[in-house]
Amino acid sequence: MARYGMVIDTKKCVGCMDCVVACKTENNVPEGHNRDWIVTVVNGKFPTVNLEIQSQRCNHCDNTPCVACCPTGASHVHEVGKVVLVEHNMCIGCKACLAACPYDARFINPEGYADKCTFCIHRVEKGELPACVSVCPTHCMSFGDLDDPNSEVSRLIASRKNHQLIPEAGTQPRIFYLT
Amino acid sequence: MNSISRRKFLKISGFTVGAAAAVSAISPVIKGAKKINKEKIKGIQKIPTYCDICFWKCGAIAYLKDGKLWKIEGHPEDPLSKGRLCPRGTGGIGAYSDPDRLRSPLIRTRERGKEEWKEVTWGEAFDYIAEKMNKIKAQYGPEAVAFFAHGIGGNFLKHTLNAFGTQNISAPSFAQCRGPRDVGFELTFGDAIGSPERTDIENSKCLVLIGSHLGENMHNSQVQEFATAVQKDATIIVVDPRFSVAASKAKYYLPIKPGTDTALLLAWMNVIVSEKLYDVDYVTKFGFGFEQFAAEISQYTPEWAYPETGIDPELIRTTARVMSQHKPATLIHPGRHTTWYGDDTQRSRAIALLNALMGSWGRKGGFFFPTKFSIPGYPYPAYPEPAKPKVDNPNKKYPFASEEITTGVRDATITGKPYPIKSWFVYATNLMNALPNEEETIKAIQNLDLMVVVDVIPSEIAGWADVVLPESIYLERYDDLHSSPFKEQFLGIRQPVVDSPNDQKPNWWIAKKLAEKLGLGNYYPWNDIEEYLDFRLKKIGMSLEEMKKKGIIHGNKAPIYFEEGIVPEFATPSGKIEFYSPQLAEAGFDPVPKYKRPEQPPSGYFRLLFGRAPVHSFSRTQSNRILMDMMEENEIWVNEDVANRFGLKNAQHVRLKNQDGVVSNKIKVKITERIRPDCVYMVHGFGHNSKMLKGAFGKGASDAQLITKYKTDPLMGGTAMNVNFVTFEMEA
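Sequences listed follow chains A and B, in order.
The numbering of the first sequence is our numbering, which starts it at 21 and goes up by one.
The numbering of the second sequence is our numbering, which starts it at 4 and goes up by one.
By construction, these hints were calculated from the structure, which means they are not laboratory data.
Every residue, glycine too, gets a C-beta built ideally from N, C-alpha and C.
Just so you know, not all the hints are guaranteed correct.
[Unchecked claim] Keeping only pairs whose Cα atoms sit at most 30 Å apart, straight-line, the calculated BS3-like set for lysine-lysine is:
#	chain 1	residue 1	chain 2	residue 2
1	B	579	B	553
2	B	490	A	31
3	B	579	A	146
4	A	31	B	579
5	A	181	B	579
6	B	367	B	560
[As the list claims (entries may be wrong)] What follows is a list of derived Cβ distance ranges for each label pair:
#	chain 1	residue 1	chain 2	residue 2	range
7	B	530	A	172	24 to 34 Å
8	A	128	B	318	29 to 39 Å
9	B	158	A	48	32 to 42 Å
10	A	189	B	649	34 to 44 Å
11	B	559	A	189	31 to 41 Å
12	B	298	A	70	19 to 29 Å
13	B	106	A	63	47 to 57 Å
14	A	188	B	656	47 to 57 Å
Given only the sequences and the hints, what does the whole structure look like? Please build it.
Here you go:
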């Protein structure tokens, strides 16, 4: 069974937000909400400045506080790719998962359920890439099976310097940022 | 004088309803077919077209789900997008659902600029316009009508106005944008840069960006190639007063003092010539006046440039040597928006000369020779012979202007000289934000007898119109066939994906109907645009039906570099690359560029710089709700030390006051280490004050409003805008 993850090359990313827009149209994300977003980390003093741009979203963690805390079982790990999903019909909108997520990756959809990135599982199951990956004009994002040592994502993680977000939270996030 | 009686309106509209009915009778099949094919089909339909959210015109595929617009993606066959649109293109469907769109033709009911209107029929609008145009023609001649346009959608209106008898057609893309760059390169190599830029970024081994903020400026192909260059470990050198996104990818970042780029360029060339680091064969073979040039720049040492630019002389030397190591695949990017300080053509010429020293013109990784798909035009009757020369550049005041000067038309409209301009047509360009000094634009408009704006949204310039005509957005219309000069030949088609939601009409229909109303129907021998497109496509052995399915077709492979067989030819007077320019000397200008120190801000003031965000095009997309969700207001970038000095807090709102006392709308402060302390920066296009733009109204501030001062480039009439200074006014 695959374990899907994402690798994002911050050296190539320009922070254009195409990933955010593509997610919005692909998944019909309501106005005022986004399932992914851009964070710009600036360090240093002018003119010796360092900039890292991160396209962020649900990390589809191996260790999932959002699933553990869900009182109804709506938040769950999908059998395909171990992607973390929310079953809308089962969700009561209690926001426990919003509080549990260290990445602030979830929001309450105006229709009342917890909403977030799905790794575009509806596309992935058809053999397509997630919308954010497929649209990126800089080709800075890769998606694939972290358990397959020959996948592009595994090879990039093995060969390039990288980091995850808030690893100290212990959630074992599956998005890796190349630096 | 501009009012028309209610009775007269009724009479006219009675007549035009009949005319409109006749029109729709011509094309019932098309209209019907559209509804049947798209709205009734369940599931997914994919319809190829090309984008219109900026002027890059990327090939795209629009998706309908159960007959409703769902999303839009890049067309994989398109060499511009390579299957990936930029964020604006991806968010293009937001233009369809924008609740602030223009819905029906409007005629104003109060004085200009008050934005009070009555909705009218298309027939009433055309009658009003045609009557005024005919009056103007009778009294002043047809040249008294001027047209400002941006983008391919203006082609048909241009045709109508040419047929009417005017040649006074201009676009801000020259004198307010890329003009100095194109003229600087024409003077040096005999050829302009063009659009899309002929820059071979993906093969460049050393890329130098001077104020170009690729990645924030989201011209799709260029950004894709930039990312490729980064991946291939090209050496990137960025010169910018602001630590741009591109700067974060650079090996060398030169935090230059604003306005001193020419000093840096001269010092770089000084190092390269004195250390003989240039492409000697290339310069010997193709160069003209190199000795005079070399003698002239021998004075501009890095030590000379240091106090001007603030750039360490050793860093100037190092970067000059690095550039030379990678020649001829060293690309000093010419930029696009280059109207900065008033000597911009000379700065652009210095960039051209530095490229000439690298031997990059015509070479892989430098500047390629674009190739273009060739398709015959439609055989129209000849336009009337112009009775008067164009109005914008009388007596060649700006001797090297190679296109029409918008601000020259504006001057003529204000002064009535060399002859009066009495009507403006404005297509898809928000002149209030594009031209410097809003007051002059308003003064010109007040001299008009007729002002018509054709657009999809109620931009600020629409607020000043007498008649506003609502155009269908790109996803609802056909446009002319599109082929750009680029690395390979291609032809693209734009076709309707959905119906217009209200009474919006495509530009070709507006232009044709107006022509017919003016008695110029013979200039439109075709009944509708499908017939026009099919006629043209048949000339190349294609058909409209086939083209609609493919969206994009490819032409022949053609060489684009000297290495591939392009013959090195230079359309300059000497037939060579002009290091020393006799034609500039003859016209009384510097034959080799010289540096002029820019005026400095008074104490407590900061130079106002502006640029682009990747999610918006000019001032045209702020009401697109998808793109608004990405960025709904701009911020003023302030260096941290300056912020501390002024007691500014991050995210607080301030107003900006310029040197002439003009105060901006309120704007959020962004305190950052990414900018020099002597300037501030904002993204262009925000701070809308058109009441009809309900979503974008009052969000952020407008740089254009603060650009009361401008300096005109004496070579080509470009209006430099980075010459304004602002200070902070605290919000109570």
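Now for the hints, and whether the structure bears them out:
1. A threshold of 30 Å between alpha carbons decides the hint, and for residue 579 of chain B with residue 553 of chain B the separation of about 42 Å lies outside it, so the pair is violated.
2. As the CA atoms of residue 490 of chain B and residue 31 of chain A are separated by approximately 26 Å, the hinted pair is consistent with the 30 Å bound.
3. Taken as a hint, the residue 579 of chain B and residue 146 of chain A pair is broken in the structure, with Cα atoms around 57 Å apart against an allowance of 30 Å.
4. Between the alpha carbons of residue 31 of chain A and residue 579 of chain B the distance comes to roughly 40 Å, so the proposed pair goes past 30 Å and is violated.
5. Between residue 181 of chain A and residue 579 of chain B the CA atoms are separated by roughly 49 Å; this puts the pair beyond 30 Å, and the hint is violated.
6. Proposed proximity of residue 367 of chain B and residue 560 of chain B is supported: the alpha carbons are some 16 Å apart, at most 30 Å.
7. Here the CB-CB span from residue 530 of chain B to residue 172 of chain A is close to 53 Å, at odds with the stated 24 to 34 Å.
8. For the pair residue 128 of chain A and residue 318 of chain B, the supplied restraint of 29 to 39 Å is violated, since their beta-carbon distance comes to about 52 Å.
9. Taking 32 to 42 Å as the suggested C-beta distance range, the pair residue 158 of chain B and residue 48 of chain A conforms, at roughly 35 Å.
10. The supplied range of 34 to 44 Å is met by residue 189 of chain A and residue 649 of chain B, whose beta-carbon atoms lie about 38 Å from each other.
11. Checking the proposed 31 to 41 Å range against residue 559 of chain B and residue 189 of chain A shows it is violated: the Cβ atoms sit about 58 Å from each other.
12. For the pair residue 298 of chain B and residue 70 of chain A, the beta carbons lie near 43 Å from each other, so the given range of 19 to 29 Å is not met.
13. Between residue 106 of chain B and residue 63 of chain A the C-beta distance comes to about 49 Å, which sits within the given range of 47 to 57 Å.
14. Checking the proposed 47 to 57 Å range against residue 188 of chain A and residue 656 of chain B shows it is violated: the Cβ atoms sit about 36 Å from each other.
This entry does not satisfy hints 1, 3, 4, 5, 7, 8, 11, 12, 14, going by the numbered hints stated previously.
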